[in-house]
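**Student:** Combine the two chains into a complex, taking the hints into account.
Listed below are the residues making up each chain.
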Amino acid sequence: MAECAPYLRENRSTRAVMGEVCAALLPALAGAVWFFGLRALWLTLVSAAACVLSEWLFQLLARRPVTAADGSALVTGLLLAMSLPASAPYWAAAAAGVFAIVVVKQLFGGIGSNFANPALMGRLFVMTVWPAEILQSPLPRTLPADALSSATVLAAARAGEESGYTLRQMLIGEIPGALGETGKLLLLAGFGYLCLRGIVNFGAAAVYIGSTAALCAVFGPEGLFTGDFLQNLLGGGLILGGCFMLTDYPFASRRGRLLCALAAGTATAWFRCFSAYPEGVCFGILTANCLAGLIGLLERRHVYGKGRTFKFFRRNPS
Amino acid sequence: MRFFQRRLFPGGIHPADGRDKALTAGKAIRLFRPAQVWISMEPVPGARCEPCVQEGEKVRRGQKIGEPRDFAAAALHASLSGTVAGLRAGKGVCYCAIRSGEEQPPLIQKSALGCMDPGSFDRAEILAALREGGIVGMGGAGFPAAVKYGTEAEIDTVLLNGAECEPFLTCDERLMIEQPAAVINGALLLKKAASARRVVLCLEDNKPEAVRALHEALRAAPQMEPEEISLRILPARYPQGGERQLIQAVTGREVPSGGLPADVGVLVSNAATARAVAAVLLDGEPLTSRIVTVTGGVREPCNFLAPIGSSLQELIAAAGGPVSRENWVSLGGPMTGRCIARNYSGESELGFVTKTTSGIVLLPPARRRESPCIRCGACATACPAGLVPWKIDFADREGDAALCGRLDADACIACGCCSYVCPAGRELTRHTVSARERVRALLRERRDA
Chain A
232 MAECAPYLRE NRSTRAVMGE VCAALLPALA GAVWFFGLRA LWLTLVSAAA CVLSEWLFQL
292 LARRPVTAAD GSALVTGLLL AMSLPASAPY WAAAAAGVFA IVVVKQLFGG IGSNFANPAL
352 MGRLFVMTVW PAEILQSPLP RTLPADALSS ATVLAAARAG EESGYTLRQM LIGEIPGALG
412 ETGKLLLLAG FGYLCLRGIV NFGAAAVYIG STAALCAVFG PEGLFTGDFL QNLLGGGLIL
472 GGCFMLTDYP FASRRGRLLC ALAAGTATAW FRCFSAYPEG VCFGILTANC LAGLIGLLER
532 RHVYGKGRTF KFFRRNPS
Chain B
3 MRFFQRRLFP GGIHPADGRD KALTAGKAIR LFRPAQVWIS MEPVPGARCE PCVQEGEKVR
63 RGQKIGEPRD FAAAALHASL SGTVAGLRAG KGVCYCAIRS GEEQPPLIQK SALGCMDPGS
123 FDRAEILAAL REGGIVGMGG AGFPAAVKYG TEAEIDTVLL NGAECEPFLT CDERLMIEQP
183 AAVINGALLL KKAASARRVV LCLEDNKPEA VRALHEALRA APQMEPEEIS LRILPARYPQ
243 GGERQLIQAV TGREVPSGGL PADVGVLVSN AATARAVAAV LLDGEPLTSR IVTVTGGVRE
303 PCNFLAPIGS SLQELIAAAG GPVSRENWVS LGGPMTGRCI ARNYSGESEL GFVTKTTSGI
363 VLLPPARRRE SPCIRCGACA TACPAGLVPW KIDFADREGD AALCGRLDAD ACIACGCCSY
423 VCPAGRELTR HTVSARERVR ALLRERRDA
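As given, the protein sequences belong to chains A and B, one line each in that order.
Residue numbering for the first sequence follows this note's numbering, starting at 232 and increasing by one per position.
Residue numbering for the second sequence follows this note's numbering, starting at 3 and increasing by one per position.
There may be inaccurate statements among the hints.
Said to hold, decoys possible - Which bits of chain A does chain B cover? Going by a derived footprint, with three or more residues having C-beta under 8 Å, they are:
id: 1; stretch: 245 to 259
id: 2; stretch: 296 to 305
id: 3; stretch: 339 to 353
id: 4; stretch: 523 to 536
As the list claims (entries may be wrong) - Chain B side only, calculated, beta carbon under 7 Å to chain A, not exhaustive:
id: 5; residue: Pro17
id: 6; residue: Pro258
id: 7; residue: Ser332
id: 8; residue: Pro336
id: 9; residue: Gly339
id: 10; residue: Leu365
id: 11; residue: Ala368
id: 12; residue: Cys375
id: 13; residue: Ile376
id: 14; residue: Arg377
id: 15; residue: Ala387
id: 16; residue: Asp410
id: 17; residue: Gly418
id: 18; residue: Val423
id: 19; residue: Ala426
Worth flagging that the hints you see were computed from the coordinates, not collected in a lab.
Every value quoted in this text rests on a predicted model; they were computed, and no experiment measured them.
C-beta: ideal position from N, C-alpha, C; glycine also.
Bound-form chain B, shown alone (with noise of 0.2 Å):
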């Protein structure tokens, strides 16, 4: 009973009911081949990469076509065989198009049959693919994964997060469930990568399928050490997947303040992740496509295996398109996804998918009035981070950034458990998110004075 549950990290919530997953959890990946893909040279802010094809260049898929140019970029490769059919320039970003000319190579997954031994690859070998490949972090951050493992820490554990936390959102399920080979190859060659001791495969005990997916995977794998690969099962509770609260509930060990994983000897990667180094390293396949969850109020909610750039309305109308007029449209799951559009009925481009697309969720509209602060406290008790919202929140509509700062609103993480259990309908997350950017703008002003 959920009621007497022992806690793994403090607060936290219980956002759905199970349905919202099973909408898409029982249904195999569809492939979805779109005609044409626009390919962002800027898929996270602060991570452009230059265009190294021209317009009307023939490519193939895999081919390289962004060199990165910022700390934080990871190289971009054609995720179709094609012709570039342009290079344009749209909200700032530049977009590569590539057109499907021709018959595309069927993809030869030798990385999803079985496990392998990764002991033929050192670690330089394994950085050098990861960079070559465009391998980033999946889960949200799009962070490269070639920097992220190339860290000078020393590093005992990685986590290999399949939690997969926020609501409707079964992406990295289904990837569990059809491809558990992969996604241990993908877990060991990270642990090579990092040097780490052990590599720990993490899910809530509410994926059986994927669990039973992975014993069984184990249990044909040659000689594998128990204290090198385990599997953990964590009882359900979001914000589970969030990196720090896994490695809390994991190891036991707090990131500190401002500091990285890195710094308590852990690293995290998700499961979509490891399945794309298993492909880049075993198969010479480079990071083109994802799996997404197109789910909520469309007619056939399914996961998609779909090509870097594929169109999101195009996803929409694959999976039957919207039930009703009134939607609003998260990009990401629901608790901490960006809402690309309001009253979406199918007919406008929303934007094109990126290496960290987790998925499209159509939900109805949840427009609420705030009303006062009742102070019931339920917003303190379900904080992971142990913070109290809503005096943040008060302090936030002061303007006051110091108030914040003593409130330790630098330690938010952003899971959106304080907006979700407010009887008031109070927006605390977007207030205690723009606290936490006032704290941070205070201190980057002390560090430089």
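So here's chain A without its partners, still in its complex pose (with noise of 0.2 Å):
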């Protein structure tokens, strides 16, 4: 078959993009490092290998392509680990990484065809499975063990109390939470890295971030507008989750991938204010993740000669 045109391609590879991901994230990992001790990186180090060898294993089994080498199960690893506490009992790592991978990624089809965030499916289910082990956070080792309670600054806030953590401390991640629920200011560098260099969406970013901490301050403990903005908008993984989970599905306009935020925002701040859990993100991303075929009906496209061509529930005369 005859070369196709164009015959130059940018210098940007599937493996490469999977790379500067994983880099955006060792500040964060750095920083978990500090604030809880070794055992965070061994987490982590169990967690990516957990999931990279799934992959290859299960590929290998099923006589897939094998593209465990590609960096993007190395990824979901790393968010993975991100997203436990270092408390966390390394088999349970392991378990979240397994079903990350097999179940949510290769058996809808590999990368690219997984329906929702595999991270964070991982953590639901571990969380679902051992709620005792995973709930419970460790204070970070640089506070007196005995100097605050280790209830996390959402569960407080939600509470309605004082968490008694300073903006300073949460900024730093200087709060009881997961690995990368803590270092705010470390991830926001890796997402500005990856602003920089265009793989991932400022936008989408900021209407997720915003709208839920801003509905979170609406709808607070005690009616309207009693909610603490910026408790919601540093003291849990809102960060984490904005920048680096909030599946980026590829819709074709500025607006589907803006309203998929806003949906994944709005389910947040609902789930936050009125579940159960003082923390959303898991559920609220998740949920965006499988509106995301309901939201691609609303998006608008505008095909160069044929005006405005509305999708919004086109017939398939198939």
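**Tutor:** So, in structure tokens, the structure goes:
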């Protein structure tokens, strides 16, 4: 077959994109190791190894082309570890990794075909099966053990109490929580790098994070407008979820991406305010993932020379 | 900063860093004098000409050697003075070979000396000259200018396309630097041919020297009204020089799907076409040569003024020959060109210059392995036509023509942006173009039924 134009290609591959995402997560990982000790590092390695090995083994057994080296399983493993507390058992991290890769990713067709974010599905899996182990989070080791309650900032905010953590502590990550819920500034540094490289979408993350925090502030624990905007913004996994996990479903337009982010933000705020869990990022983003197909119907595309094409409930004649 | 740049058309990419054009942009156009030329009697598929000379006949440069037989064909002229060495068929196309026997008379170019008043010509006269001179669109399509400008539609604007957004190519840029007056003369004649109100010379901001040259030539011109002829500098982005994108960027109008630029009152012509128009009307010289960029992996990349029918192999040799043995040869720019040879090291004949050969680019092999789509959506962001190439790619691989139609694949302009940005290395352009053909076949079927 004749070679096909264009003969110039952007110097960017799937593996390079995944590598850059991993690099962007490293500062936050370093912060987690600083606050929670080396156990955070081992937990991350276990989770990453579980993801990559299970992908490799599954593809080998299923006789599919082996793509375990393209880095996407590594990203899933890192994000999964970021969403677990440092005290989570190693076997729970491994189980979550295998579930994320085999059930959520590979059984749905592998990279690009998963219906929801595999890392979040892995976390949801272990959280529902072993809640006692996953919902507890240790205090950062830089704080005296009896100084403050180990309740998370969000749990306190929900109960309408003062959590006792300062803004500075929330920003640098000196609060109890999952590995990636802590170092907000480090997460944002990595996110900024990805934005500059054009790998992630700034608008969607901003809409998601802003809408969640704002809605949580409106629907506070003691009636309207009694919530705490800053604690909701910085107290939990909102920054991690918005910057790295809000899977950018490839909507054809900005409008679609922003609508999806808004749906995720609304769902997250709903879970934070009205469900049994103080933390709603995981549920919120997964809800938006499931709604992505429906949101796609609301999308508008402008095709050159055809005027505005509405896709809204266009019938499939086939 | 390009991040915050205002966009005059959606999508698009910045495929190169400027070093590609710098290979040839600073060098003067060289004359290429071949000993023999082979002129194709079907330069564009479906545009055949009938040879009107005999073997062994003596011809002068500019003498007509081919009469157009098809609607989309234009007259062909001898590009050398010499003897018709043979009419031979190659690859199903008839070539007319002319061996240069005598001293080539020097070209007299009044048209390049300064801007002139085109008032002495009327529309019918210009159209007849375009027809007799064998003028075609030299930007790529090769459609006869006489047919295009003979349109019944009311035209208010003629756009002179000097955007040259393709990486590596600088033939139009060098032309505008060296012969700005010829380009302006041609532009005014084309405006007259279309009975248009104004003509706009459109350039990208990465050609400051060409902009300066055109500015100076315009300033030196006698009593030119600024609303009649103006210069428009556009922020560089590929595919700005695509006809439809240029119309959108400059006038804000959109050519309706399946329609022509004339439907929105615009005609677009290339800078090289304008020069040819000026030459045929002011110098009486039909279209017998063009500027060809020979660049990429050659020792001395340069622009050549080459007679139509020059051998591509000889042109590459004149540019110093290939640097390495592993080359892909792209006829035209690397984004939309046709790959005419792989692993080319300079030994074999590749073909001959036609009126639409803008360049020959030798590129390192770019073979990639396709990996699964990761749904990053980069292709949809880059598409200037507003399509979603990854979905069309799947639909085409499934062979689902109806789905391709619902995804509007017929609006594809084959610019190559989607393949360029795809991190998974998927051949999105190939499949989107194939989907476009499926949809067009479907539409034809429906119309005929």
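**Student:** Hints first: check each against the structure and report whether it holds.
**Tutor:** So, going through the hints one by one against the coordinates:
no.: 1; hint: 245 to 259; result: holds (count 3)
no.: 2; hint: 296 to 305; result: holds (count 3)
no.: 3; hint: 339 to 353; result: holds (count 4)
no.: 4; hint: 523 to 536; result: holds (count 5)
no.: 5; hint: Pro17; result: 6 Å, holds
no.: 6; hint: Pro258; result: 5 Å, holds
no.: 7; hint: Ser332; result: 6 Å, holds
no.: 8; hint: Pro336; result: 4 Å, holds
no.: 9; hint: Gly339; result: 6 Å, holds
no.: 10; hint: Leu365; result: 5 Å, holds
no.: 11; hint: Ala368; result: 5 Å, holds
no.: 12; hint: Cys375; result: 5 Å, holds
no.: 13; hint: Ile376; result: 5 Å, holds
no.: 14; hint: Arg377; result: 5 Å, holds
no.: 15; hint: Ala387; result: 4 Å, holds
no.: 16; hint: Asp410; result: 5 Å, holds
no.: 17; hint: Gly418; result: 4 Å, holds
no.: 18; hint: Val423; result: 5 Å, holds
no.: 19; hint: Ala426; result: 5 Å, holds
Checked against the numbered hints listed earlier, the structure breaks none of them; every hint is satisfied.
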